[in-house]
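**Student:** Order-wise, the sequence lines are chains A and B. For our numbering, add 3 to where a residue sits in the first sequence, where the first one is 1. For our numbering, add 16 to where a residue sits in the second sequence, where the first one is 1.
It is worth saying that the hints were derived from the structure and are not from the lab. This one's a predicted model, so the numbers in the text were calculated from it and none came from an experiment. Check the hints yourself; a few may be wrong.
Pulled a few chain A residues facing chain B out of the computed Cβ check, cut under 7 Å [stated by the list, open to error]:
(1) 28
(2) 31
(3) 167
(4) 169
(5) 177
(6) 178
(7) 184
(8) 189
Each pair of labels, with its calculated beta carbon distance range [stated by the list, open to error]:
(9) 181(A) to 47(B): 26 to 32 Å
(10) 113(A) to 236(B): 54 to 60 Å
(11) 161(B) to 30(A): 38 to 44 Å
(12) 30(A) to 384(B): 41 to 47 Å
(13) 236(B) to 181(A): 39 to 45 Å
(14) 204(B) to 36(A): 24 to 30 Å
Backbone N, C-alpha and C fix where the C-beta goes; we use that ideal spot for every residue, glycine too.
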Amino acid sequence: MRHPNQATLALHAGGDLGKFARWKLERHLAKCDACAGEVAAYEATRDLVAGLDDIPEIPWNHLAAEMKANIRLGLAAGECVRAESPLRLPWFSTGRAAVACASILALIAAGIIVEGPKPAPLTVLAQPMVEATDNGIQLTSGGSTVGLMNRGVKSENVSYLPNAQGGISASYIDPSTGRLTVNTVYGQ
Amino acid sequence: MRLAVLGLLSVAVAPAQDGLLPKGSVGIIVPNDSPVVVISSSTDESRTALRGAALMLDLHMSLTLRNVGVNRIHGITLRVVSQEVTIGGKASVAMPSLNIGPGEVFPVRIDAQLMRPTQMSAGPLVEVSLDGVLFQDLSFYGPDRLNSRRIMTAMEKEAQRDRDHFKRILAQGAPALQQAILASMNRQAERPRLDVRVIPHGPAVTSAATAAPEQAQKFAFLQIPDSPVQPVQGWAMVSGNEARAPRIEVKNNSSKAVKYVELGWLVRDPSGKQYMAASLPASDANLYLPAGKSAQVQQETQLTFSRERKPVNVQGMTGFVSQVEFADGTVWVPTRENLSRVMLDKVVPPSAEEQRLTEIYRTRGLNGLVEELKKF
Chain A
4 MRHPNQATLA
14 LHAGGDLGKF
24 ARWKLERHLA
34 KCDACAGEVA
44 AYEATRDLVA
54 GLDDIPEIPW
64 NHLAAEMKAN
74 IRLGLAAGEC
84 VRAESPLRLP
94 WFSTGRAAVA
104 CASILALIAA
114 GIIVEGPKPA
124 PLTVLAQPMV
134 EATDNGIQLT
144 SGGSTVGLMN
154 RGVKSENVSY
164 LPNAQGGISA
174 SYIDPSTGRL
184 TVNTVYGQ
Chain B
17 MRLAVLGLLS
27 VAVAPAQDGL
37 LPKGSVGIIV
47 PNDSPVVVIS
57 SSTDESRTAL
67 RGAALMLDLH
77 MSLTLRNVGV
87 NRIHGITLRV
97 VSQEVTIGGK
107 ASVAMPSLNI
117 GPGEVFPVRI
127 DAQLMRPTQM
137 SAGPLVEVSL
147 DGVLFQDLSF
157 YGPDRLNSRR
167 IMTAMEKEAQ
177 RDRDHFKRIL
187 AQGAPALQQA
197 ILASMNRQAE
207 RPRLDVRVIP
217 HGPAVTSAAT
227 AAPEQAQKFA
237 FLQIPDSPVQ
247 PVQGWAMVSG
257 NEARAPRIEV
267 KNNSSKAVKY
277 VELGWLVRDP
287 SGKQYMAASL
297 PASDANLYLP
307 AGKSAQVQQE
317 TQLTFSRERK
327 PVNVQGMTGF
337 VSQVEFADGT
347 VWVPTRENLS
357 RVMLDKVVPP
367 SAEEQRLTEI
377 YRTRGLNGLV
387 EELKKF
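Using the sequences plus the hints, can you model the full thing?
**Tutor:** Here's what the structure looks like:
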C-alpha cells in the first residue's frame, strides 16, 4: 500500500484538501490506521495552535495614542518646570511628575512586552522521510520526492535494510540484467 | 462551476504535457582515467509528466559499461543525485558480487522517480556519476563520496564467506548443496520483516504526541565470539512503535585501531518476536578507536515500525556488532558459524551474495548454481 505524504495528511487535517483528493484520502484512511493516527495527531496540533490565538484583543491604536499623549504631557510638564518655579504650580508637584513618568515607563514596558517576540506557533515541519514503498524506496521532503524503484521485482523478493544514519537499502536481483542490485536512498 | 471547469482543464492539459524525457535531462559523469567506460546509454522508456503543479520524472535508464582496466571488477557503485538540491537527498545504485574480466561489458539499470513542485529548469534533472569500483584484490578506484569502498569491501567479504560456505557443502556432494540452498530459501521466506519509516534528524513534532510517553530503553547485547569490538552499554528513546536517538558504547578489544563500527539493531514486539530493525553505523566520520579504548556509536534518527499496516510496539531491543573497519582499511564481518551460534541467522537478512546464489538456484537449478560457484 502506498501511503500519502505528510503534507497531504496535514492538509486533510486542516480541511484544506480538494474534493477529489479528500475523497481519495478518506478511502485510504479507512484502511490505514497509521495514517489515520497521523491525521488525528495533526488535528490535535491544529487545535492547540488555534488555542494559542485566543489572546484577548488589545486596542493598540488607543494604547499608542494614550502613550503619545502621556509623553507630550511629560514634555510639556518639563517645559513648565523649566519656565516657572514648581512652587507656583502646586498641581504639578515633583511627586506627581514622578508618578506620571513612572506611568509612562510602565506603559512603554507593557508595550514592549506585548509587542515583543511572541512564542512561535506550533508548526509541523516538512521533515525528510525515507520509506520503502510497494516498488522501491522513496525520500519525501517538502513536497518533493526522489525514489529508486525495484522494477519488475516482487516485494517479497526484495530485502530492505534501514540504516539508522537516515537511509534505506533494497537488494534484489534485477530481472533485466540478472545482476544483484543494491539501491540505497539516503535522507541526508 | 468554476472549480469544475478548472478541473476539466487540468485533466485536459496534463496529458498533453506528458512526454519523453527532454535531451540532456540526465547527466552521466565518468572520469577519464576510470577503469570503466560507458559503451551505450538509453533512457527511451523514460517519461516526464505534469501533475497539477508538480513535475514527475519517471526515469528508466540502461547503461552498458566496459571494464577497460587490467583487474577483474567485483563491484561498482553509481551515485544518483537529483537536481532538486533543497531536498538534501541522494541515492546510489550498487552492483556487488560482480566478476567482470578486463575487456568484458556488463549492463547497469537505474529506475528512478522524481517528483517536485516546480517546473523543469535548465541543466540535467538527474546526474549519475561513478562513485567507486572494487576489484578482485579489494583495491578500489573512485571518489568514494558515499563510502562505497567500505560498503563494497564488506559486501565482498560476506560474498567470499558465503561462497566458501556453499563450496564446502558442495564438496560433500550436490544433494548436500541442494539441501543447504533450500534451507537458505526457507530462512529467507520465514524471516520476520518490519516496515520501517526513517526520519533522518528525528521529529520536529512527534506524530505520537498522543501515544505512550517516551522513555529511555536499554539495549541487550549479543556478543559475537570473534568480534574485535564489543558493545558495552546503550539505550534509545522509545515511545510505542517509535524509537530514536540510539546510543551505544563500544570497546575495541582487538590489537588494531578501528576507524568504523556498525551494529545491527533488533527490536522485539510484545509477543516476543524479533525483527531486524536497522543497521546502526558510527556517526563520526573521523572515528579513530585505538586498541583497548571505548567510543560511542550514536545517531539522531527516528525509526517508526509497522507490519501489515499495523504499528509494532517496541518491547525490547538488542544490538550486536555487524561490521568493523580497521585503520589499515581491512574489514571484519561475522562468520556464518558465529551468526548461527547466537541465533542471528534467523533474524538478519541474508547477505547479498546468498540472495544471489539462491536466485541462481531458483532460475537455473542446481547445475547452474554449481557452475556459478566454480567460477570463483
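**Student:** Does residue 184(A) pass the interface hint, meaning its C-beta sits closer than 7 Å to a C-beta of chain B?
**Tutor:** Cβ of residue 184(A) sits 6 Å from chain B, so the hint holds.
**Student:** For the range 54 to 60 Å, tell me whether the beta carbons of residue 113(A) and residue 236(B) fit it or not.
**Tutor:** 57 Å, holds
**Student:** Given the hint of 41 to 47 Å, is the C-beta distance from residue 30(A) to residue 384(B) inside that range or not?
**Tutor:** Once the Cβ atoms are compared, 45 Å apart, the range 41 to 47 Å for residue 384(B) and residue 30(A) holds.
**Student:** Verify the interface restraint on residue 189(A): the C-beta must sit less than 7 Å from at least one C-beta of chain B.
**Tutor:** 5 Å, holds
**Student:** Does the CB of residue 167(A) sit less than 7 Å away from some CB of chain B?
**Tutor:** 4 Å, holds
**Student:** So the hint says 39 to 45 Å: do the beta-carbon atoms of residue 236(B) and residue 181(A) match that?
**Tutor:** 41 Å, holds
**Student:** Let's test the interface hint: is any C-beta of chain B closer than 7 Å to that of residue 178(A)?
**Tutor:** 9 Å, violated
**Student:** Less than 7 Å between beta-carbons is the criterion; does residue 28(A) satisfy it with respect to chain B?
**Tutor:** 15 Å, violated
**Student:** For the hint on residue 169(A), just tell me whether its beta-carbon gets within less than 7 Å of chain B.
**Tutor:** Holds, about 3 Å.
**Student:** Falls inside 24 to 30 Å, the C-beta gap from residue 204(B) to residue 36(A)?
**Tutor:** Because 28 Å falls inside the window, the suggested range holds.
**Student:** How about residue 31(A): closest beta carbon in chain B under 7 Å, or not?
**Tutor:** 11 Å, violated
**Student:** If you take the shortest Cβ to Cβ gap from residue 177(A) to chain B, is it below 7 Å?
**Tutor:** Hint on residue 177(A): holds, closest Cβ of chain B at ~5 Å, below 7 Å.
Violated hints, in rising order: 1, 2, 6; the structure is consistent with all others.
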